[in-house]
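**Q** Fit chain H to the supplied structure of chain E, relying on the hints for placement.
Chains as they are written, first to last, in my numbering: chain E, 42 to 632; chain H, 42 to 632.
For the record, the hints were derived by calculation from the structure and aren't laboratory data. Misleading hints may appear alongside valid ones.
For each label pair, taking beta carbons as the anchor points, the in silico distance ranges come out as [what the hints assert, rightly or not]: (1) E:L107 to H:D91: 33 to 41 Å; (2) H:D516 to E:K531: 30 to 38 Å; (3) E:D359 to H:N308: 20 to 28 Å.
All residues carry an ideal CB built from backbone N, CA and C; glycine is no exception.
Single-letter residue listing:
2 protein chains.
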Amino acid sequence: MPTYTAPVKDLQFVLHDVLNVSQSDTPGYDELEADFTNAVLEEAGKLTGDVLAPLNVVGDHEGCRLENGVVYTPTGFKDAFEQVKEGGWTGLDMPEEYGGQNMPYVLGTAVGEMFSSSNQAFTMYQGLTHGAAAAILAHGTDEQKNTYLPNMVSCEWTGTMNLTEPHCGTDLGLMRTKAEPAGDGSYKISGQKIFISSGDHDMADNIIHLVLAKIPGGPEGIKGVSLFIVPKFIVNEDGTPGARNGVSVGNIEKKMGIHGNSTCVLNYDEATGYLLGEENKGMRAMFTMMNEARLGVGMQGLSAAEVAYQNAVDYAKDRLQGRAVTGAENPDGPADPLIVHPDIRRSLMDQKSFAEGARAFILWGATMIDAAHRKGDKDADGLVSLLTPVIKGFLTDEGYDMTVKAQQIYGGHGYIEEHGMSQFTRDARIAMIYEGANGVQALDLVGRKLGTDGGKHVMAFFELVKSFCKDNGDDEVLKDFVEPLKAASKDLQAAGMYFMQNGMKNPNHALAGSNDFMHLFGHVCLGLMWAKMAKAATSQLASGTSDAAFYETKLATGRYYMARRLPATAMHLARIQSGADTVMALDAEAF
Amino acid sequence: MPTYTAPVKDLQFVLHDVLNVSQSDTPGYDELEADFTNAVLEEAGKLTGDVLAPLNVVGDHEGCRLENGVVYTPTGFKDAFEQVKEGGWTGLDMPEEYGGQNMPYVLGTAVGEMFSSSNQAFTMYQGLTHGAAAAILAHGTDEQKNTYLPNMVSCEWTGTMNLTEPHCGTDLGLMRTKAEPAGDGSYKISGQKIFISSGDHDMADNIIHLVLAKIPGGPEGIKGVSLFIVPKFIVNEDGTPGARNGVSVGNIEKKMGIHGNSTCVLNYDEATGYLLGEENKGMRAMFTMMNEARLGVGMQGLSAAEVAYQNAVDYAKDRLQGRAVTGAENPDGPADPLIVHPDIRRSLMDQKSFAEGARAFILWGATMIDAAHRKGDKDADGLVSLLTPVIKGFLTDEGYDMTVKAQQIYGGHGYIEEHGMSQFTRDARIAMIYEGANGVQALDLVGRKLGTDGGKHVMAFFELVKSFCKDNGDDEVLKDFVEPLKAASKDLQAAGMYFMQNGMKNPNHALAGSNDFMHLFGHVCLGLMWAKMAKAATSQLASGTSDAAFYETKLATGRYYMARRLPATAMHLARIQSGADTVMALDAEAF
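Looking at chain E on its own, in the form it has when it is part of the complex (with noise of 0.2 Å):
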């Protein structure tokens, strides 16, 4: 059975000494003092680590099932989501007014990563709802706020989101679901959503569906989308739930992994909904948390990396298996432990500072989604609009195949389901799918963000790490850091110049090079985190710290990435410097 431990030391470690949220000037950080993050962190580690963790395989072993059109989660999630409610999660980063704790959303994703870890479904009932919440906090009317929010930011009552439909997924425009207006203000929804997380459940007492449909009449395609509240127990005059509505469910997917969060088949039929927003804005209002929803997918593919290489590492520590090539290290076993093969050790060294990279990343990325709101910070909300895709395409890309290293670790042990080393596997695969898959995702950065307010934004992440690399370029340790730093960042100014050059001419040259971009950025981001972690490191070192190990753990994990990740970026500039013409050779019937 795997474990997990809350990395608590090392998200401390980015918060305080990187990211010294408590010395920042956005609202709220000043209440973000290391002790208080520490204690929260801690008590989130305990739940996640001792209650969510060992269902995490409970959960893929039993599936949801669906009896009676009455959906049923895994043996313990009913219990286990009780404390979640009961710890006030749920409301951690959500407005005091309607019962939250109003604490930065960089909180939030902290403790985010450690549920996400310990058990990705589940966790996933909680994530949805606060999205729904999210998007009635910013569209919805007083009245709906306070029908709503409350049981929502205490989970109470859950949320989803409806867009899915068979035959159209990131092309919403073919949406057929309807929703006709009733007369008494209200609207009657009918049509079939698919894919809909936590669709249903029993873990609480109403679920709201935040639905995208059609009203007849309106304009074709996107621009004719809009938003509504659905839910599946009409809310009473008093605030308690009543009528069921007409929303049932079809089916529950089977699916690779997840199996614990009930994906659902929901129809509607002449369902009573409650349009949020304006008519018609439905895809504006939906995607009004976009960048938090994927920063939120993004951090799956980390939390899904953190977990399955904690295990790996423990099984490389205690499997024997050959002996080092240098000598025997476990003379008096009957073999060596496979952490002393460097090949164990490589793919160790991918994981790990592929995960603490990652986690930097991410926090950063929040830190700004917390200056957008928090202090209406543009230059933040354009950056971090910027590198959304990135966080959210390469880290589920690189936080998957993470999970395929660990599994790898394991040898036979890790294809059998019992270490749930599988599961690792499975689960992490749909963090490259949903909320837009990774080649929307491409498409998004390369089509749309670079030349958002004139590549303004893509510029001051440019000038970030120029001057990252000026004021650190004579440090002679920090110099590992900033020569890798510099040529990769110079790809991706090629790369970047590429497109402008080629792009005009054929949007194509753009486009055919749009994952490999991508990909690029990520690294450029990450190589970037590890320069600011090496800085943080030095800095503690030369202070005198009493933790000198861990620093220098840090730095050591730092050149690993440096040396052996960031190369990479070579190579997906080349690739998107070969342009369009190989991609597009073939004519459709040639495939």
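**A** The following block gives chain H in isolation, referenced to the frame of chain E:
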């Protein structure tokens, strides 16, 4: 439901246009005329496409079940296995004296690709039988051969390979299974073996287990391991299966994939076994057929990629989503098919160029195995031994990645089990692990094969590349191939040089780069294959073929590989040249 269409034309292209098999002086190759191989492949294509492919999903959903000690295979497997036996497929490349058809291994490999693509889990029942029969053929006494081979060649009896025990996989010297001499020339085998593919089932009258065990009093470790024939039913004097032997099924493993194959825990309790080959030479006997076995697993990487690709192409042509950035290509429809999008093309071209390159690589390898076995060609034997870990490790790593890419094209529909794309990924995962995990392949390549015979074989490989480049460097069409191949080969030579210069001082400098070296080598091999395929295609085009579109497509696909995939070699080289320092920097406690 996924479908499979055997790529007969592509196989014929490699066999005849590229490898010119019927012109070879390897004994038996004169039979491999194009019409003959086409007839064989067409016939195998029907069986695999019509019978085995539809059972693939069935096997995945049902799995195998153990009831009262008896293992039952999924619905339809037994009937299909009868059809395979009746077609004589299982003895295609086995000797005529035991009922086989004595066809070259290269033809068996071409047919094997189809079998494995259509239903990997099912095909393993034959595959293991083939391996066990080959070991008996190589090391058995005449009596053993006569007793077992006719029924194994026909697959009336199947075979298994028993190496792994709970505490030992790669490091077989730790083995505990014992073989006590019974006094009558036979042995009593006792112990537990795990992960035994096709370990028990209901499709054959007998199962011939080949079991590694230690004879008490023999040498310590791997040098004291012997190989035994342990039939499920002891064979009577008249050749019929007789008394049940002391081997029982402890469990069927729950696995990530290949559910249709019964992966068993087998308990041996004083089972009667017969020594195969010499005492304490068990490893040598088991590994005589290693090149073929590993090539067969490398083929599974191709097979999985091929069938996943075929289904991804169908979906990409069929699914309407979004519009081409360069203008609608399906203006009368609600949207354009996915295949218009450059990033979808990029993914499909990755898959296509991999599968076709891998096919050529494997069949080339198979011709070398034939040359070694059929005419004692020591150079061919040396070269294919060198390339075997590359074929196994690189092609299964890449093959798995390709199934992930194919799955991604389906978006959410790839994550649910309904379309079968998840299964291709889950099934393909095992090939990276069994028959020597890919880390062990990389170790074998760098730690052993590179230096075999004083490095003679790797020099022969470089010579092959060099002479191709020299002979074709002036060709206007082929220069798109020659230049990248030269650059990639230079990277491979530089990597080898790095190992020579640094591995002596510290072997970790070589082993830390072993995985990257295997991948670097793999890319150079596929680059060479594409160069050879391009040459074959240009010859056909120059001679005025009536099928120009087919050969033009080969050239375009090859150009993609050279432009987009080969640049990976520089990244691998950079990693290798960073040495072991960052890889080995941390103490085990720091992980």
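**Q** Can you give the numbers of the hints that this structure goes against, from lowest to highest?
**A** none
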